[in-house]
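Could you slot chains B and C onto chain A? The hints should help.
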Amino acid sequence: MQRHLISAADLTRDDAVLILDTAEEMARVADRPIKKLPTLRGRTVVNLFFEDSTRTRISFEAAEKRLSADVINFTAKGSSVSKGESLKDTAQTLEAMGVDAVVIRHGASGAPYRLATSGWIDAHVINAGDGTHQHPTQALLDAFTMRRRLVGRDAGLGQDLSGRRITIVGDVLHSRVARSNVDLLHTLGAEVTLVAPPTLLPVGVDTWPCEVSYALDSTLTKSDAVMMLRVQRERMNAAFFPTEREYSRRYGLDGDRMARMPEHAIVMHPGPMVRGMEITAEVADSDRCTVIEQVANGVSIRMAVLYLLLGGNEPALAHPSPTTALTTRRFAPTAELRTTEEK
Amino acid sequence: MDTQNTQSDARPVLEGPDIARVLTRIAHEIVERAKGADDVVLLGIPTRGVFLAQRLAAKLEQITERKVPVGSLDITMYRDDLRMHPPRALARTEIPGDGIDGRLVVLVDDVLFSGRTIRAALDALNDIGRPRAVQLAVLVDRGHRELPIRADYVGKNLPTSLRETVKVLLAEEDGRDTVLLGAKRTSQ
Amino acid sequence: MSKILIRGAKVLGGEQQDVLIDGETITQVGAGLSADGAEVVEADGKILLPGLVDLHTHLREPGREDSETVLTGTRAAASGGYTSVFAMANTFPVADTAGVVEQVWRLGQESGYCDVQPIGAVTVGLEGQKLAELGAMHESAAGVTVFSDDGKCVHDAVIMRRALEYVKAFDGVVAQHAQEPRLTEGAQMNEGVVSAELGLGGWPAVAEESIIARDVLLAEHVGSRVHICHLSTAGSVEIVRWAKSRGIRVTAEVTPHHLLLTDELVRSYDPVYKVNPPLRTERDVMALREALADGTIDIVATDHAPHPHEDKDCEWAAAAMGMVGLETALSVVQETMVDTGLLDWAGVADRMSFTPARIGRAEGHGRPVSAGEPANLTLVDSAYRGPVDPAGFASRSRNTPYEGRELPGRVTHTWLRGKATLVDGKLT
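Chains as they are written, first to last, in UniProt numbering: chain A, 1 to 343; chain B, 1 to 188; chain C, 1 to 428.
Same shape as in the complex, but just chain A:
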């Protein structure tokens, strides 16, 4: 991970663990009377949302505000984007305003990558979901939730998810959440199984670092976590599956199926849930279901990512230091480098 967070695949195991560990400390801020840190004072972050996503936007916004960043929300609806302004022009407009980071949600796969690499702007780019490509902070918050539940809050510090068996069920084909999770969970040492009807798996999935199954029941019994993906009803009209009833019978998670999961296993969902489709109300409301925790954890994860990307030096501020290389921004645990000399 360098200046940007575009894909979960860009994170090394150590990067990912550092983010999770940092998020664990950030989470503790939420328990304090003043849920705010001065860390990003004077930094400007733009939430550039070309797609409606109130949950993700407010999660980022909460994270940015808790770190004292100046926040600008830019949604495409009602803006000049809807009048034909290009992503490039929008980006350059933001650049002219002197923003330090752009959190971008875009319907086109690759738009954040393009923003980060095209030379349109200098700001850090954080991908808040692009098309059917990636949603790295979602994968991070999912991994954070798993580590807390399966390894433990404090016991998890410094740990990855080695040997944990994670099952992801549903519309993998159209899911950036699935792609990000497969990448990140693999990096963290987990064993991932994707379960979906063959129509909802991409051609080429066989090269992904995971197992693929068409049958839910046989994988449930050996899963530490089962992540249900949202299945949009419209997919039915494009013949991805015959009927809602058949889908939920074959791939939905109900109470009976949940009962077959190991006792410690959790049920996850990135939200918003389609109750009665991929998940029954009984499962969604059970205490094994981590949906609400995932939302809370999302703020901590996004705080961690923002801090680790933006909290450090700008090349312009770089002045000689005996201890650190100032030329490149990078994720590196530097606590052990702290000495009396820096105080």
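Careful: at least some of the hints might be erroneous.
Stated by the list, open to error - In silico EDC-like pairs for lysine to aspartate or glutamate, Cα to Cα no more than 16 Å straight-line:
(1) B:K59 - B:E94
(2) A:K65 - B:D127
(3) C:K3 - C:E42
(4) A:K88 - C:D313
(5) A:K88 - C:E310
As the list claims (entries may be wrong) - Selected chain B positions facing chain A (in silico; Cβ < 10 Å):
(6) V22
(7) A91
(8) R92
Unchecked claim - Computed footprint of chain A on chain C; a stretch qualifies when at least three of its residues, placed anywhere within it, have a C-beta under 8 Å from a C-beta of chain A:
(9) 181 to 195
(10) 417 to 424
Derived by calculation from the structure, the hints in this document are not laboratory data.
Backbone N, C-alpha and C fix where the C-beta goes; we use that ideal spot for every residue, glycine too.
Only chains B and C this time, still in chain A's reference frame:
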């Protein structure tokens, strides 16, 4: 990368027994100045300040025969030099159960130098609660303050030049107790 | 018109010879020809080829003059060694009437850089529903013989059958853009390992192959010839090979970019690599090269598709599809076919001049380099190697996937009926 660890010309200015002795003295001073220390909360500043706080707490418990709340206060997010370095990994902030409101907080750190760490610690405390008073205990005060800050309890005053380095090693982290004074190596 | 003596050129890559042009015609080919007042061009061992013929060019005029005009497009063609280009019908208005094809044809005549042979649309407005007036376009001054809805597929099997049958009356040919529309809804790139990872809509090989399979069978059934545009998959090669072995009158083209580039490049999300049909895999590239070498694929056609900068300087999904190709085609063919030993220069002449001229019935083009033939020639410095610099393009557009890439070969001279259109790499 800092240079102390590889330095050969660093010489010890405090050894293990010295450190134990000055901590005992500081503990007594705290009891004396805080009139029994019954509302004292010790907050160590990571990394080594935390170990010193824990050792002080143990000594205070011996003296007062009461449990003394001890915790840690990470000041990373409050530092004024964040943008001069790559982002740092965060350390734990652990406030003892009863909090700090209305209590006497004694901040504990290994070396007092520019005072900027303590400034950051005061800011951090401000977001956590409202102590009755805040005091500062350090193992070594090496001078060269850049802010109007002073320590209430000092293990050793150590006049240094800016070209010197002070490194505190503690058994919990480094395998042994010692304070080293060395010469800064000009790198790059 | 004056005389020109091209001295010491390797004609079709063979022995060094001299070629004398008098007026519009080659008058002598042989060793040690006398200059005798002719202007001498020292070829010095460069390769002399018949002027190249492109069966698949988008000149964009009328309608999208911001990306290309007939004039800039034919200048680009001359720069690339072409003396004849077939202009695709997907202009605004669509070239589906005698009026529009005549307009394009006249603009070509006026440009003077390259003959322009308009291609007529198969269906009205490229909409795939109603046959355009194919006969009227053929009888117009433009004399259209190639018909294509390129950019769109003639997907209705009945319309395709009728078109194949109808053009038999005047020896025409339908050039099919093979893309099953339902299988490519929302398609953004080749469907496979890379599309799965990048989350871009998949464009399956079968969407191309199923149409080719259908159309060769239709062509067989009605006894027509059919031409397949920009074949891009190994499976398509197999179908065409099978069809030819059965005696079906099918011809096929491949673009330079499908001979060189793969879908791995899409990982950059740089829309300069966005093209229809999409870049495929390494395996497809190798199959296409082999098929071009063994004649299964008959010709190289550029599918030169100019687009203005803003249509490529954006996110992938919003970008236009296509690449410019006229000015880099020969270099890419040298890189992928000649320098790899798959094809000699005579083979290049066949795939890029003789055969495309024959498929398109281009009078006076694709002729041997011998006495009495029209002096449509191009001279290639095959020893040259250097980076592609789009700033030097004659095309109005710069959407090349080769910017900065080192490629071999440089066209130094082009003659259109004895008139130099390119001299020492500079347009006249």
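Outcome of the hint check:
1. Taken as a hint, the K59 of chain B and E94 of chain B pair is broken in the structure, with Cα atoms around 20 Å apart against an allowance of 16 Å.
2. Between K65 of chain A and D127 of chain B the alpha-carbon distance is near 15 Å, which keeps this suggested pair within the 16 Å criterion.
3. Note on K3 of chain C and E42 of chain C: the hinted pairing holds, with a Cα-Cα distance of about 14 Å set against a maximum of 16 Å.
4. For the proposed pair K88 of chain A and D313 of chain C, the alpha carbon gap of about 8 Å is at most 16 Å, so the pair holds.
5. Using a Cα cut-off of 16 Å, the hinted pair K88 of chain A and E310 of chain C holds, with the two alpha carbons roughly 9 Å apart.
6. About 16 Å separates the beta-carbon of V22 of chain B from the nearest beta-carbon of chain A, more than 10 Å, and the hint is not met.
7. Among the interface hints, the one on A91 of chain B holds; its C-beta lies about 6 Å from the nearest C-beta in chain A, closer than the 10 Å criterion.
8. Proximity of R92 of chain B to chain A holds as hinted, the smallest CB-CB distance being about 7 Å (cut-off 10 Å).
9. Remark: the segment 181 to 195 of chain C is confirmed as covered by chain A, as 6 of its residues place a Cβ nearer than 8 Å to a Cβ of that chain, reaching the required three.
10. Counting residues of the segment 417 to 424 of chain C whose CB lies closer than 8 Å to any CB of chain A gives 0, which falls below the minimum of 3, so the coverage claim is violated.
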